[in-house]
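Produce the entire structure from the sequences given, and follow the hints as far as they go.
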Amino acid sequence: MPEESAVPLPGSDVPPPPPPAKASILRKPWAIPAAVGVIGLALGAAVGIVASQSDPTASAEFQALLIERDEAQAQADELDDLIDDTKEEARLQIAEAAEKAQANVVRSVELDERDKALDERETAVSGAEAQVAANTIAPGRWTVGVDIEPGAYRVKDAVTSTRCYWAITRTGSNGDDILSNDYATQGNLSVTLSAGQDFESSDCGSWVKQ
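The numbering of the sequence shown is the numbering used here, which starts it at 4 and goes up by one.
Hints were generated in silico from the structure; no laboratory data involved.
Some clues are possibly wrong.
When the alpha-carbon atoms are kept at most 30 Å apart in a straight line, the in silico DSSO-like pairs for lysine-lysine are as follows [what the hints assert, rightly or not]:
(1) K159 / K90
(2) K103 / K90
(3) K119 / K103
Computed beta-carbon distance windows for the label pairs [to be verified]:
(4) A141 / T174: 13 to 23 Å
(5) R144 / V112: 26 to 36 Å
(6) V135 / N184: 47 to 57 Å
(7) N191 / D118: 33 to 43 Å
(8) E116 / S197: 17 to 27 Å
(9) T195 / G175: 12 to 22 Å
(10) L95 / L69: 38 to 48 Å
(11) T146 / Y168: 11 to 21 Å
(12) V128 / G154: 50 to 60 Å
Only a predicted model underlies this, so the values are computations on that prediction, with no experimental measurement involved.
Glycine included, each C-beta is placed from N, C-alpha and C at the ideal position.
Next comes the structure, spelled out in structure tokens:
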């Protein structure tokens, strides 16, 4: 049986298309430096980001915080100084007030002691004056044992030129029962008085008990 010859398919004699040509960058020489610039910018940005992330103190926000912190610290220092000055002033005022109070206490004690001394002196003087008054006979008529004490009396000042009259009478006689009397113009006159008698004097001054 004779071999059958192969019949070519329609279009089988068309050769296959050649492979597409690769674009060469050599056809666009301006693209190389542009690409390098873009890559450089990207690397710079990346480095900046990495640098800012690795060193946060370099940021503007951090620097602003540092400034605020320094200002706050300065204000705190000023406030501390003011507080210290106020404390010192208060301490000085307290010390001054305490010193004045102490001085007032001392002054008060001194015044109290002075008043006490004056009171004692006044009491002594008053007592002495009262004693002198009790032992002194003024001009007039007095009953011994009632108005004046019994005892010996002498004129306080010597009689010189006046006419001194004195009389000792029996009490209740209204001066009619004269026990002793005298007119004198000079000398240190003296009398002795007893209970139950009256004593009268004129122009003789005061009589003091001896």
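- Query: Hints broken by the structure, by number, lowest first?
  - Reply: Result: hints 1, 5, 6, 8 and 12 break, sorted rising.
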